[in-house]
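Undergrad: Taken in order, these protein sequences are the chains called A and B.
For the first sequence, position 465 matches number 465 in the numbering used here, and the numbering has no gaps at all.
For the second sequence, position 60 matches number 60 in the numbering used here, and the numbering has no gaps at all.
The reader is advised that the hints may include incorrect statements.
Heads up, simulated SDA-like pairs for lysine to any residue below, C-alpha to C-alpha not over 20 Å straight-line [said to hold, decoys possible]:
| # | chain 1 | residue 1 | chain 2 | residue 2 |
| --- | --- | --- | --- | --- |
| 1 | A | Lys362 | A | Phe294 |
| 2 | B | Lys89 | A | Lys362 |
| 3 | B | Lys89 | A | Thr415 |
| 4 | A | Lys362 | B | Asp98 |
| 5 | B | Lys53 | A | Trp282 |
| 6 | B | Lys53 | A | Gly188 |
| 7 | A | Lys362 | B | Glu90 |
| 8 | B | Lys89 | A | Asp154 |
| 9 | A | Lys362 | B | Leu99 |
| 10 | A | Lys356 | B | Lys53 |
| 11 | A | Lys404 | A | Lys356 |
| 12 | B | Lys53 | A | Ile132 |
| 13 | A | Lys362 | A | Ala378 |
| 14 | B | Lys89 | A | Ser189 |
| 15 | B | Lys89 | A | Arg157 |
| 16 | B | Lys53 | A | Gly357 |
| 17 | B | Lys53 | A | Ser189 |
| 18 | B | Lys89 | A | Ala378 |
| 19 | B | Lys89 | A | Arg359 |
Think of the hints as simulated: they come from the structure by calculation, not from any bench.
These numbers were taken from a predicted model, which means no experiment stands behind them.
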Amino acid sequence: MPGNSLPAAVELVRFLPETILVLLGTLIMVLEAVTGDRPKTFLGHLAAAGLGLAACAAVYAHSSPGEAFSGMLVVDGFTTFFRLLVYAVGILTVLSSCQFLTRERANTGEFYALVVFSVAGQSVMVASHELIMIFIGLEISSIATYVLAGFLRDDPRATESAVKYFLLGSFATAFVLYGIAWIYGATGSTELTAIRAAVDTQAGREGAMLAAVAAALMFVGLGFKVSGAPFQMWAPDVYQGAPSPVSAFLSAGPKAAAFAVFLRVFETAFGSIGPLWEPLFWISALLSMTIGNFAALVQGNVKRMLAYSSIAHAGYILVALTARSEVGTAAVMFYLAAYALMNVGAFALLGHLTRKGERFQKVEDLAGLGSAQPLAAALFSIFLLSLIGVPLTAGFFGKFYIFKAALDSGLVWLTVLGLLNSAVGAYYYLRVLVVMYMREASEEVPPVEALSGGLRAALLACSAGTLALGIFPGPVLDFVNRSATLIR
Amino acid sequence: MHPVTTAHYLWLSAALLLIGTIGVLTRRNIVIILMSIELILNAVTINLIAFSKYLGQAHGQVFAIFVITVAVAEAAVGLGILIALFRNKETILADEVDLLKW
Chain A
1 MPGNSLPAAV ELVRFLPETI LVLLGTLIMV LEAVTGDRPK TFLGHLAAAG LGLAACAAVY
61 AHSSPGEAFS GMLVVDGFTT FFRLLVYAVG ILTVLSSCQF LTRERANTGE FYALVVFSVA
121 GQSVMVASHE LIMIFIGLEI SSIATYVLAG FLRDDPRATE SAVKYFLLGS FATAFVLYGI
181 AWIYGATGST ELTAIRAAVD TQAGREGAML AAVAAALMFV GLGFKVSGAP FQMWAPDVYQ
241 GAPSPVSAFL SAGPKAAAFA VFLRVFETAF GSIGPLWEPL FWISALLSMT IGNFAALVQG
301 NVKRMLAYSS IAHAGYILVA LTARSEVGTA AVMFYLAAYA LMNVGAFALL GHLTRKGERF
361 QKVEDLAGLG SAQPLAAALF SIFLLSLIGV PLTAGFFGKF YIFKAALDSG LVWLTVLGLL
421 NSAVGAYYYL RVLVVMYMRE ASEEVPPVEA LSGGLRAALL ACSAGTLALG IFPGPVLDFV
481 NRSATLIR
Chain B
1 MHPVTTAHYL WLSAALLLIG TIGVLTRRNI VIILMSIELI LNAVTINLIA FSKYLGQAHG
61 QVFAIFVITV AVAEAAVGLG ILIALFRNKE TILADEVDLL KW
């Protein structure tokens, strides 16, 4: 330890976004307490503005790349990309939940504070280069999301989803931790570069074998977090039961951060024993795609269908991870951005379409939407088409780069099976489109209100982003390709 | 008399992991599932401290303190969620929490 343990100013700049978020979350909690009975929508706007400020800070931090706090934190293109991604998910979630929470009479400041804290945790996860930091970030993010899932505490579905998410989530975290403990024991370090060096020098010996077992334990834990099969069973229940804006958040933010950790840990720390862990990813990718798509086929509940489809999408991303190349890393980053926009849009809009109390979640309940609410129907169509992967949408380029990366690494069979899977996936998304545009609305179902305010803005932003990434993927693609080189 | 070595601690930790995992997978009562998860976290803590002693570093002990702190926070949130569940459904048995399924 150097004598002067105070961090340098530049290190504080590199940690500025997280600092802003934690202060913002605390401020919102205090304001919630002192503003009494006033409507709390302004706290939502404050949260969105603060997340925007944190995004500016992340861009500013990017201008002085490097490590901070003796290698615990690294600011590079990869960090900046994922920071901006999770902040964007946070902003979209906050904007789209104001109206929802007012409708469900649960518009309190805690919701926004929890979203901000969870985003802060994800931000720590994606920036850290050290297993203790990764664990702390993971827990800050997870504990806040457990509460968010059960935020409507009088709704039995929401509490049930929170219980399931909590039990399986903390079980998964315990496995990640057990893996981390063994990595520490086998390599004598928790810093990713040092772990890589230790694994390299022990290659073929007992220590490397131990590290491989530890990597498998971490794979189990992180596999839970990204809802990759065979650890996907919580996802449908949780996404269906949680309030829709929360499902939007869960399926995008924590998942993106967990994939960032996947990349950092497995590419940086365990890159040299890649052939040992590659089969895990291969099998999990195939299972996730197949289970996700085929289970989604038979769902009558749109929210549950989207939940299964998110498992399938985790499978596509795992295909790119299996490629173990920089092209694969870039493909993962691009796909997560595309997926975040289209999935947050779809879930947030669904929260609106299911009407008060989220009572109308069936596919048939969307009948006649095309004529009754043309804007909502058009936006939902954009998100669904992008989830299918139709050209001119973000989903198309995302899938294209993933399968290209897999082919470049010689994973021909995985690519073929992945493409067949996307074809299966098209069926259940198209079914929703058909019901929306070609069926008459039934008399018993109350009409959907018009979109307004923050929700409308968030949905327009999501759809504009989805189309922009589909028509002009160039700038984002350039950035991910430049940032895909992880520190070795 | 055999001295207690690092390996003994690791076996103890592995045993706790096993007991905890079996508990999570087989018990019906959610409070007991929660306790089983705590057992796994204790296994982690023992592991970290044993390795820390073996390697002669302080890293592992610092990490252990973080693990304990986070485990407490997690248990607090978990019990809070459990109370919300009990208010809604009057049960804390995992197999009676079955509103969401296909």
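Undergrad: For each hint given before, does the structure comply? Return the numbers of the non-compliant ones in rising order.
TA: When the structure is compared with the hints, numbers 2, 3, 5, 7, 10, 11, 14, 16 and 18 turn out to be violated.
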